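*Asks:* One letter stands for each residue in the lines below.
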Amino acid sequence: MNYLLKHARIIDPVTGTDEQLNLLIVDGTIDRLGANLSAAKGVEEVDLSGKLIAPGFVDMHVHLREPGFEHKETIESGCRSAAQGGFTAVCCMPNTNPTIDDESVARYVIEKGKQVCDGFVDVYPIAAATKGRQGEELSPMAELTHAGAVGFSDDGAPIASANTMRLALEYSSMFGIPIIQHAEDPSMTKGGSMNEGVVSMRLGIPGIPPIAEELMIGRDIALLRYVPKAKYHVAHISTRRSTDLVRSAKQEGLAVSAEVTPHHFTLTDEVVASFDTNTKMNPPLRTADDVEAMKEALRDGVIDVIATDHAPHTIDEKEVEYSQAPFGIVGLETAIGLSIAELVRQRFLSLLQLVEKFSTNPRRILSLPQIRIEAGQPANLTILDHEIEWTVDTTRFSSKSKNSPFHGRRLQGKAVGIFNHGRLRRVV
Amino acid sequence: MSLQSRHLLGLDGVPKQDIELILDTAVSFKEVLERPIKKVPPLQGKTIANLFFESSTRTRISFELAERRLSADVVSFAAAGSSVSKGETLKDTARNIEAMKIDMVVIRHASAGAAHFLSRVVKANVLNAGDGAHEHPTQALLDMFTLREKYGTLKGLRVCIVGDVLHSRVARSNIFGLTTMGVEVSLCGPATLMPRHIEQLGVRVFNTLDDVIPSVDVLNVLRVQLERQQGGFFPSLREYHRFFGVTKERVDRAGRAITIMHPGPINRDVELSADLADGEHSVILEQVTNGVAVRMAALYLLGTSSK
Numbered sequence: 137m138n139y140l141l142k143h144a145r146i147i148d149p150v151t152g153t154d155e156q157l158n159l160l161i162v163d164g165t166i167d168r169l170g171a172n173l174s175a176a177k178g179v180e181e182v183d184l185s186g187k188l189i190a191p192g193f194v195d196m197h198v199h200l201r202e203p204g205f206e207h208k209e210t211i212e213s214g215c216r217s218a219a220q221g222g223f224t225a226v227c228c229m230p231n232t233n234p235t236i237d238d239e240s241v242a243r244y245v246i247e248k249g250k251q252v253c254d255g256f257v258d259v260y261p262i263a264a265a266t267k268g269r270q271g272e273e274l275s276p277m278a279e280l281t282h283a284g285a286v287g288f289s290d291d292g293a294p295i296a297s298a299n300t301m302r303l304a305l306e307y308s309s310m311f312g313i314p315i316i317q318h319a320e321d322p323s324m325t326k327g328g329s330m331n332e333g334v335v336s337m338r339l340g341i342p343g344i345p346p347i348a349e350e351l352m353i354g355r356d357i358a359l360l361r362y363v364p365k366a367k368y369h370v371a372h373i374s375t376r377r378s379t380d381l382v383r384s385a386k387q388e389g390l391a392v393s394a395e396v397t398p399h400h401f402t403l404t405d406e407v408v409a410s411f412d413t414n415t416k417m418n419p420p421l422r423t424a425d426d427v428e429a430m431k432e433a434l435r436d437g438v439i440d441v442i443a444t445d446h447a448p449h450t451i452d453e454k455e456v457e458y459s460q461a462p463f464g465i466v467g468l469e470t471a472i473g474l475s476i477a478e479l480v481r482q483r484f485l486s487l488l489q490l491v492e493k494f495s496t497n498p499r500r501i502l503s504l505p506q507i508r509i510e511a512g513q514p515a516n517l518t519i520l521d522h523e524i525e526w527t528v529d530t531t532r533f534s535s536k537s538k539n540s541p542f543h544g545r546r547l548q549g550k551a552v553g554i555f556n557h558g559r560l561r562r563v564v
Numbered sequence: 381m382s383l384q385s386r387h388l389l390g391l392d393g394v395p396k397q398d399i400e401l402i403l404d405t406a407v408s409f410k411e412v413l414e415r416p417i418k419k420v421p422p423l424q425g426k427t428i429a430n431l432f433f434e435s436s437t438r439t440r441i442s443f444e445l446a447e448r449r450l451s452a453d454v455v456s457f458a459a460a461g462s463s464v465s466k467g468e469t470l471k472d473t474a475r476n477i478e479a480m481k482i483d484m485v486v487i488r489h490a491s492a493g494a495a496h497f498l499s500r501v502v503k504a505n506v507l508n509a510g511d512g513a514h515e516h517p518t519q520a521l522l523d524m525f526t527l528r529e530k531y532g533t534l535k536g537l538r539v540c541i542v543g544d545v546l547h548s549r550v551a552r553s554n555i556f557g558l559t560t561m562g563v564e565v566s567l568c569g570p571a572t573l574m575p576r577h578i579e580q581l582g583v584r585v586f587n588t589l590d591d592v593i594p595s596v597d598v599l600n601v602l603r604v605q606l607e608r609q610q611g612g613f614f615p616s617l618r619e620y621h622r623f624f625g626v627t628k629e630r631v632d633r634a635g636r637a638i639t640i641m642h643p644g645p646i647n648r649d650v651e652l653s654a655d656l657a658d659g660e661h662s663v664i665l666e667q668v669t670n671g672v673a674v675r676m677a678a679l680y681l682l683g684t685s686s687k
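First to last, the sequence lines map onto chains A and B.
Mapping the first sequence onto our numbering, position 411 (from 1) lands on 547, and the numbers just tick up by one.
Mapping the second sequence onto our numbering, position 12 (from 1) lands on 392, and the numbers just tick up by one.
What the hints contain is simulated information worked out from the structure, not anything from laboratory work.
These numbers come from a predicted model, not from an experiment.
Worth double-checking, as some hints may not be accurate.
[Unchecked claim] Taking lysine to any residue and the SDA-like style, the derived pairs with C-alpha atoms no more than 20 Å apart in a straight line are:
(1) K326/A x V501/B
(2) K326/A x G611/B
(3) K536/A x F205/A
(4) K326/A x R386/B
(5) K471/B x I451/A
(6) K503/B x K386/A
(7) K471/B x A296/A
(8) K326/A x T572/B
(9) K454/A x V502/B
(10) K471/B x V456/A
(11) K481/B x G611/B
(12) K454/A x E468/B
(13) K454/A x R584/B
(14) K471/B x K326/A
(15) K471/B x F463/A
(16) K471/B x E455/A
(17) K454/A x Q605/B
(18) K326/A x E468/B
(19) K471/B x H143/A
(20) K326/A x T473/B
(21) K326/A x K481/B
(22) K454/A x T572/B
(23) K538/A x V501/B
(24) K503/B x S410/A
(25) K471/B x T450/A
(26) K454/A x F613/B
(27) K538/A x K471/B
(28) K503/B x E455/A
(29) K326/A x D472/B
(30) K471/B x Q460/A
(31) K454/A x A490/B
(32) K454/A x D472/B
(33) K326/A x V502/B
(34) K536/A x P514/A
(35) K471/B x E453/A
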């Protein structure tokens, strides 16, 4: 099938494009861009007036739950959710059962990703940094890289031992693949369910102190300075001081990068007072000042990436006492709407910068093929309506799980389609 | 007159007039408790379930007595040996009990927010009898009742809460209620057992008893939980007693009467010396008596409101 995508504004940070152009795609490859292209016979014309076309968005932090926890999400339902949210690729975390700490599991995830959802969403596994995510012995990183892993992380748990982290940084540096750290000093967070602060004091809920994150990032940056060939990426950064640490490490020239979730630049720990377990995630929601710091750090380029930490859990798992509930919320289908509402509309990011955070930067950090919207390149596209306002209805999510604190919230901006591997998938 | 909420989940944000209404109502119920026949009919035909997911002796007995003296039908439930130990969730337990047409639920639970959670999943009125380190509103109400009875008014009174504030629901509910009522509240205990930011609730924090005793009217002494020592919050019970134990010697230095309160059960000669606990300025047993009257008032106001 050949397509002529007409009248969209094309935004591509890599080629430096930001203009309204028609885009002719022949056999999945961009044939031509031009102001006055018209359709030849057999070409499907799609009018995208008022819409945006960007290089395909990547969510570099999702939990697809397969293998092992298919009652929460499967690779198939997770990819449908990603497509619905406007992503052409996801990177899935290794806290499955079995863990992705072995070539065979990594290959299984990649193969399954090709089979589901008509192959619209590319699935890139992030493998465990240590065997069984136990934080002790290194995973077989060379084999895992060979199998297609794009990053190493024990996400959900930190790499707590300084020596293990040193070895992980050294070993991974041979492949140019980043260590992605869930930054948390576990000796300070046992039993914690929310941010330690004024709200946790009022509610009597055991706290997760912000300094537990900052200490770990500070330590890791010191290790990175010691092992400067390595690449280090901070997952779901959440406090102002954490962004200060990353800012100064970047100024120093260290290979550090960071991501933030939409909920950490949108919600504060005040919402925990409802005791709604959809406000329970790790890292926890922080203070208004931290939320402000996330936006500033995105604006200043200190935070490179927006990633969702999509963490599906069933209603039964979440409808329990606050202390008993698992951490995490789903995020794929609300990420763009929250980002445009909170960041673009509030002028922290331009649309071009938004595309960098969702596409260019995660691809650079993970060494994924960079998408260029120019003739001769494969068409891998996210198509957005950045003006539309809509209301989140979790019952309509494509994800198997509905655990979101954003049900009923008004958002701005939504994917209307994705294009990948030769075909257009419309989002309804 | 009725309360603003159809549940009593805590005292955070509860307006002064609601607290006064409960305390005023408790006065007449206390009078009932002095009668030879200690039973009145307002909750006749109502059924109340006491869900105690955490063990408790005095609070459970106090609630049961209050319920029976209001003529309610009462069912009580302790987590040990129940369906909870067979893996049933709180939501299922609550819905099953509700399916038996229960009008009110009293819940004690180790998890902060459990009473709020319950109030969302059942239609019955919910009374919080203690949720984790969050709130224990009827304890604070009975403490306030006891003080109001003794001093005539709460306004301007100076109360110091001594001990493990970090893990204490009694302390939180007292702070919320007392500050609403115009009481000057201070806290004293080891720095490791004081929650960060607690000053933001309008209280003063001390780490030395001798600094605070001269300027208070009342010491409300919290129970030291022995497992906190294992948690590393303080080095030993001996050291705790030496530096934070409320003793006659310390209190006498004030040179005037200081009222001694304790929510019980007491670790004698750990947080509170036996002579003070049994002494003339102790109101500890009055607190227990008043607990029944205050719980009758809360149950009555919730159970008979039209909300």
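*Asks:* In ascending order, which of the hints set out earlier in this document are inconsistent with the structure?
*Replies:* Per hint list: 1, 4, 6, 7, 11, 13, 14, 17, 18, 19, 20, 21, 22, 26, 29, 33, 34 violated.
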